[in-house]
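Q: Use these hints to put chain S onto chain Y, whose structure you have.
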Amino acid sequence: MGFMSIVQQIIGGFGTTLFIFFFTLLFSLPLGILFALARMSKFKPLNWFMQVCISILRGTPLMLQLIVVFFMPFYVFGIKLSAGWRVYAALIGFSINYAAYFGEIFRAGIEGVPVGQHEAAEVLGFTRAQTFWKIVFPQMVKRVIPPVTNEVITLVKDTSMAFAIAYVEMFTLAKQVAAQQSSITPLFVAGLFYYVFNFVVAWAMGRLEKRLSYFE
Amino acid sequence: MKKTIAMLLAGMMLAGALTACGGSSGSSASNAEPAKEETTEAAADTDAAGTAEAAVAADAASTTEAAAPAEDAGRTFTVGFDAEYPPYGFKDEESGDYTGFDLELAEELCKRRGWTLKKQPIDWDSKDMEINSGTIDCLWNGMTYTGREEDYTWSEPYVDNSIVIAVNADSDIQTKADLAGKNVVAQAASSADTALVNDPGDGSNDENLKLRESFASYETIKDYNDAFMNMNAGVYDAIAVDIGVAQYQLAANEGKYRILDEPLSTEQYAIAFAKGNTELRDMVQETLNEMAADGTVDEIVAGYAEYNLPEMLIIGKDK
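Protein chains in written order, with my numbering: chain Y, 1 to 216; chain S, 217 to 535.
Hints are computed from structural coordinates only; laboratory data are not their basis.
Check the hints yourself; a few may be wrong.
[Stated by the list, open to error] DSSO-like mimics (lysine-lysine), calculated; alpha carbons at most 30 Å apart, straight line:
#, chain 1, residue 1, chain 2, residue 2
1, Y, 210, Y, 157
2, S, 327, Y, 157
3, S, 491, Y, 80
4, Y, 80, S, 438
5, Y, 42, Y, 157
6, S, 426, S, 392
7, S, 327, Y, 80
Given the structure is predicted, the values throughout are model-derived calculations rather than measurements.
Okay, chain S solo, but in the shape it has when bound:
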């Protein structure tokens, strides 16, 4: 009888025995929580009541819903981004926080608005589902506006970006014409991928489509970091990539890669909100314009000079 009880317990301990090795999983998981949620208290400059409200709203957001009225000073502003997309959104090495040009802008914006910023790294392929279902308030991560005008409610474009071709430094590819018969890659669902694949049907993209047909192969890959590692290893000959990302890779791997002079296309970045969410868009745009007018945006972008971001910035400048 004792044996059968032992057996019964053993059955339950199929799980239990394993927790002996992961015994502290509960506490480690809660330790990991802040790293994941990355909330930034930004209500410091509002009055005491406002701060209390912010705290309450932050609590509510973590448990149930965040459907507070949009004007509410204590609302949580959830930015969806791809954490493998430097310099727009990535994990900072020293602090372990998510940072980047776009996230720094969002932080400043939330500080001014008295909002609580929540940085939510997402699977970029699922961005539409995320924003439509309300799990994030906006997509702010070097998001291409050009060609997607009708899909979201957009802020005004704030960065002008081009798509370029990156190759190994010692490659014999010099012009786009040299790409004929080469193996080319882009990140899945990225703007470079769109530029090479999208056929609007009016002939406006025929040049790039024709270029793609000249490739020996065209593939997409999960993220650009993989693409560069693959190209370095000889798997691909060239990468179609946004210039900011290309500059980052060039700076991080000095002398390994170079960029072709001819861009694949030029495009603009803006902040995407769920279609119809003009109320939130207008509030964000208003504060962003203020930040551009008083030079704060310029200060932030100066930290990203090595990626050519100051040259790409178009907000607050005469077009």
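In isolation and in its complexed conformation, chain Y is listed as follows:
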């Protein structure tokens, strides 16, 4: 009974929430760079395709996207789904959705690098790849940390949507405990977990930002 029991039960789900959070970041950050590059591509069809993709990913609910990813193999291709598919569908859904947002943030960061930097690189004989990875990308990383922090914090809270495809994470667990105890306390306990974790995330990102601002 009581508060400790609630905390103990909810802590079990915190691991699942961290799992979604960590792997979504791991996949969506690199994917976001790809999205940004495709979105800025001079090859028009790729550019347009990416614009449409980003428009859909940002314009439809994440919950719907998760359901589509999870059930599509069955409803489109007639493949019977297995239980193990839930976690993959959750990670795919989250990663693609967040990559769309990260992609736009990265694009803003890349386009914010002054044109003089490109010109200087060209004069110094850098190839396009070298220019991007050695000149533009590092400056982009510095610029995008505040908006990326925003998205990362949103992601921590969005993990609760994984239950749309029956993937039980912390908030779902908190709701189950709330039903079991017929009490609202578990929801506040879950809220506290989110807050503390996001506090740590914000602190870590703040430190990273400081460390990268070595020219100031």
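A: Quick look at chain S alone, frame taken from chain Y:
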């Protein structure tokens, strides 16, 4: 040059830096795994070969597919349920396992069949997609049979349930007629919601439809626990709810709520299988009948006396 390399690494560490705070996420996630999957080894009483088979099947189920022949003693039987629906399916406080009247029945059934039970909590709104796509074998969670006869392949009804109106203990509402001009709520996609909204077109539900029109407002909410908390806080005046759930709330919050004498409707619960899956249904029904005949069902239901479940049980009793 060193700086640019540092920057490159920093870029990759947008993710990496964060994992410093969640460094053990891999292991915590795998710790969380058993809690989520809730598999119950139930093949103990079969012979050694059967047990090995069960283990193999359980492995296969967790990695690829569970499309083993239905007769296979080692098959995994996945029950889809709403884990916020006590007393039929909920999270047990002491063990942390999912339990409830229906899940206990399923456990016993799997033990007898030599199946491995997997308790899969689902988003109840997605139950049709879940069962059609094969991610769960059945819906066994106080699932209303009445009115959905054609939508699934059903077991025989095992619980007779009524939908009642719950109000705050100090409310002035005494009869259904008093609900006129009040704010009423039910769980989204629940049988109470169906009872108030469904219009079969033949006038058979007109009484309830008319009742709903007399409300000042009618809303649906994600789960009944929320509904009761909201009513207690004064957001709603009354809740249309299955009697088992209402009894649970009354027992858990003594003196806070009461139930109107007149039920909204009467209905029956049964186990739902994907339409056409009569093979699995027949096996489950056969074992369930055995359990009812030798008194096991009565033993299990006795543990849920505080929710009036023994009175609602109809399996193994003369109708």
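Q: None of the hints should be skipped; say for each whether it holds.
A: Taking the hints in turn, this is what the structure says about them:
Simply put, residue 210 of chain Y and residue 157 of chain Y have alpha-carbon atoms about 25 Å apart, close enough for the 30 Å limit, and the pair holds. Between residue 327 of chain S and residue 157 of chain Y, the direct Cα distance comes to roughly 39 Å. Violation of the 30 Å bound is thereby established for this hinted pair. For the proposed pair residue 491 of chain S and residue 80 of chain Y, the alpha carbon gap of about 15 Å is at most 30 Å, so the pair holds. Annotation: proposed proximity of residue 80 of chain Y to residue 438 of chain S holds, straight-line Cα distance about 28 Å (limit 30 Å).
At most 30 Å may separate the alpha-carbon atoms for a hinted pair to count; residue 42 of chain Y and residue 157 of chain Y exceed this at roughly 36 Å. Note on residue 426 of chain S and residue 392 of chain S: the hinted pairing holds, with a Cα-Cα distance of about 11 Å set against a maximum of 30 Å. Only pairs whose Cα atoms come within 30 Å are accepted, and residue 327 of chain S paired with residue 80 of chain Y is accepted, the gap being roughly 26 Å.
Violated hints, listed in ascending order, are 2 and 5; each of the other numbered hints is respected by the structure.
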